[in-house]
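**Student:** Protein chains in written order, with the numbering used here: chain X, 21 to 416; chain E, 85 to 362; chain B, 82 to 381; chain P, 8 to 216.
Each hint should be verified, as a subset may be incorrect.
Once the Cα atoms are required to be at most 20 Å apart in a straight line, the calculated SDA-like pairs of lysine to any residue come out as [what the hints assert, rightly or not]:
1) X:K377 / B:P324
2) X:K377 / B:K288
3) X:K363 / B:V259
4) B:K288 / P:H193
5) X:K377 / B:E326
By construction, these hints were calculated from the structure, which means they are not laboratory data.
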Amino acid sequence: MGYVAARGGTEAIAAAEELVRRSRLNADASWLELDQLTERLRYLNDRVMGEGGLWAPQLAARAIRQAEGDVIEAAHLLRAHRSTLPRLCELIPADADELRPLRRIVPAFREVPGPQLLGRTLDYTGRLLDLGDEDQARAAAAAATAAAARHPEDDPAENAGATEPPFPERLLDVLRRTDLAVDRRRDDDPEPTDISQVAVRPGIGRSAVLSVMARAETGALVNLWYRNILGPDNHLHEVTLGEVRHGELPIRVRHPRTGNPVLLGHLRATEVEAIEDLDGADEDRTRFDVGYGLVAGHNERKAIAMANLDIALHRDHSDSGLEQSVLMTTDGLDASGFLEHLKLPHYVTFRSMIERKQAMRTDRARNERKGRRHHPAPVVTPAAEQAAVPAGEVTP
Amino acid sequence: MTPALRVDGLGKIYGPGTTADVAGTGPGFNRVVSPTSGGIVAAWDVSFEVGPGEALGVIGESGSGKSTVMRCICGDEEPTTGSIRLASVDGGGTDLRTLSPARRRALRVDRLAVVYQDPAEGLDLRLSAGGNVAERLTAAGWRNFGRIRERASELMLRTDVPLDRMDDPVREFSGGMRQRVQLAKALANNPPVVLLDEPTTGLDASVAASVLDLIRDLLEELGVAAVVVSHDFAVIEMLTQRVVVMHHGRIVEAGLTDQLLEDPQHPYSQRLVGAARG
Amino acid sequence: MTLLDPTISPVALLAADTSSRELLDEFSKREIRRAVLTAVAVPGYQVPFASREMPVARGWGSGGLQITLALVGPEDTVKVIDQGEDAGVNAANLRRLIADTTGVDTTTVAGEATIVQTRHRVPEDALGDDQILVLQVPVPEPLRGVERDMTELRRMHAEGDYARMWVSLYEDLVRNGVITQTTGYPCLVGGRYVMATTPIPRWDIPKLHRSAHLSLFGAGREKRIYAVPPHTDVEPLTFDDVPFEVERTEGASCHRCGAGSPDSGVESFLVELPGTEGGRWVCSDTDWCNRRLSSGMVAR
Amino acid sequence: MSAAIDAIRLASTARLQGSASTVVFRVLLEALARPGRPLELPELAMDPRLPNALLLPLALADLGTSFWVHGLYDERERKLAADVVREATGARLAAPNVATFVVCLDGDPSVPSRVRIGSELAPEAGVKMAVQVENFATGAPISITGPGIAEAFITTVGLDRAFLKALRNRNQPPVGIDTWVFDRHHRVLALPRSTRIGVVDDVAREGVN
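Bound-form chain X, shown alone (with noise of 0.2 Å):
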């Protein structure tokens, strides 16, 4: 029998498909290479893998170069070039403590223990479009590209945590020390729920919606955030940083035979510790809480978005819907892809509701609608009523 084309659609989609292909290698420019995409737009894609849920940065870029910049879209190749993948072993649990730091700052605190470390960020450039001569921008970058090549020590992104400890202590450690703070460090969690393998729901533990969060889509995270500062909601108020890091944390593996861990590599993660001042009248008011974020890639926004909404699923303990928002809601594949298929037939549907539309009109429902309003005083004889629902005892 073979493969049985319907006519129309296949041949609708196949030149749709074609259009793409043509314009995708078409464009009146130089092959975009995938050193360009994670070297030179690095921010888009950390983006990427953290909500492909991948860390992959190859294939992230090639991701984003198929996707033509569509982020949701890249972040859908990712996650859908996963799901063919075997699941072969579990990690194990990395330890952020020890995350070397390539960036860190602790807002709460002038003098804190550790340095603190402004690194590569965006946070204090001027935002001024830089309308420079095009050829002195390639040269330059071809300078510096090149000085860097010859004495990488010099770097000084890569490098910049290089004459301090590698792992300062955290602020927290210091106002846990001193009994100022909760310790929300929990060890009852030991296997980390994976939100690839189970279907979350609100309940499920807080693993999993910490995971959810580091997946979801930066903008929505932050919008949940902002929303519940200004909107309606009001489930929020604004935290202190007690400390943002971004840097490479070291991500182990057990042998399936040995049961030894056995290092995989590094991927760069972002960590966010928020500290909450509790004012809820059942709440603890002498000590601080804790929110915690952690991303993969350099994404501080949605870090610390994660954080706040971390503390705050504390505090309202599952009762007000947050929980329900941030495990259901804030997925961009989920949500753009529900809005997306509004765009396909619904004709079956549509010819439904027109019927009722009709139906609606007919005098029998119109008759039925006025009977209602003025309704008959009722011929009812209790005991028969009472007689067609028979209220048996309860035997447990």
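With chain X held as given, fit chains E, B and P onto it using these hints.
**Tutor:** Then chains E, B and P, alone, in the frame of chain X:
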């Protein structure tokens, strides 16, 4: 005869406390907060029975524990200790607290109805008056639209809700009318026991009086067992035959309503009666 | 790599067979299969499953696709329809993906298929006991109209507490004189669970009731799988004295095969082709309509 | 050591991949959709020393799942079966009350009361159980009815009265045990939790049917 409702040794402690904290609380100490742990002994050692067709009053000031007792009986809150039995469940042989939450909730359909002070607690204000009654009926398995309409109309008539308002959303109703709808809904499946929590508090005096008249007539006519929780002796006097007085989480006096009003024994009862008569 | 190589994990050996063309690896299929089995054993209950990302958007049939990919074996023949049409864009897209990545045979003829994947329709001809119907589900929760909180929804299903669903039908009747629910009509399955019927039209609901075939429902975005086994009650929620009404328009008949006209003796689900002079009707199940035409049941 | 290698060798015959796992799954699904009807299992390369009941976890288990093998009379057989399943699927061996899959090699009637049945809130936590029997033609007659069954019928499934009663007591849909029964003639039938099992002498006594 098996009482329709029987409550034995009911107690409810909020906060960090344990039963050890009961010591040092109650009327004798003039406090409900445990001096040792800060636990709140909202109700303790509360026992009573209500026979079929009988109405029992529970009176006390706010904070006396009377509403806590009611919420523990109907399942809105889980008591710390004690038992609750209904004649309609296993002939009174089963403590409701041993039932699953699902079974406990299901009792509200036709065994144990509640009328709250705030109609928003007992009604879905977005639904029509008839729809609110229909919810109870469909929960009990009614599947005939015409019969549901008839039963809802009958209940509207019985609770003095004008029939031409039956299909209007309850949120458009006045407070008194909402309370009538709540009564209609509570009585939809002829439950043998009804709990009424401050059913007329917050209503204008004239509206309250007519709702009270209605409740009294319904209780007499339907023969249900009722527990009426109120801070107001006028309500208790009008609706109940027996009464228990609660103070700082304990029952301090119990008796026939007219006798207790005539000759209160406990100083707290005397104060309450005095205030009501004053 | 030898069989007894102690450095190879058992899992890697099991995974090694996975062909690179496949959209799901062996373990993903197993997880979906476990959910499918639970769904069949608990008719109408929405079984949570992990739901892999597919190369189609969430909402474009990723749930149905996952079920089909977890089902198809070498002996299968697959038919895919959207709105009743084999040529619909969603159907064409999914059919191509399924065929290209599994090598399975495809067909447009309902009777030849062992698996029929569909969006929004059940084929007009009754499926047999050797066929499986896979329905793409955008919104699996039938109670969402009366309750938004997922924890409460879970409780309502657990306790079979559907009073509020009934009340919504009551209120609908009171306000509108008819039950206005259009497609995806809520049904009680096996007397226990209220189920969302994808959005298939009411016309198709009777085809799920005590059917010879197994129906599987896949909601990829919401990560739920549910099922109606063969010979299982699927009862549309309605009051005893309010008949369940399917879509039917007085005087409408298919302009191609005549279905729906008094002398044709058959009816099908028709969709309208609007026109200036009142529009024309056509069968939504194009394969069924085509077969009527080609078998000479109707004069062209 | 040799036992371990034996298990690895046997597992290599029992590792269901690609179309083998698909066809086994399809038979298990078909059986579940039509309870009580015996179906032929597909031809497989599995070593004949391994009982067919292992096919349930072999086709469906993986790294994220757990299983338990029960067999009272032959500890070596039980141990070997468990090693093979673990080696062929990566699934963890677990206690009966938490395992995703349970394989009962001997029809011990204590088994149904020892496995997990899920809850109203999570029926999916009910166990998937495989039971090995000799022959479907033997055992206590039962009447079965429910989803997937057009008309109630009476049959035997190779299980004795005690086991069937234990199973019936645990099946309170939506919670319960989904059971596949494998016989020595390369056949399987299923009794999902939705199937109402009447043990025939009880049925007769109650005057039903």
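**Student:** Please go over all the hints and tell whether each is borne out by the structure.
**Tutor:** Going down the list of hints, with the structure as the test:
{"no.": "1", "hint": "X:K377 / B:P324", "result": "holds, 17 Å"}
{"no.": "2", "hint": "X:K377 / B:K288", "result": "violated, 24 Å"}
{"no.": "3", "hint": "X:K363 / B:V259", "result": "violated, 30 Å"}
{"no.": "4", "hint": "B:K288 / P:H193", "result": "violated, 34 Å"}
{"no.": "5", "hint": "X:K377 / B:E326", "result": "holds, 13 Å"}
Of the numbered hints listed earlier, those contradicted by the structure are 2, 3, 4.
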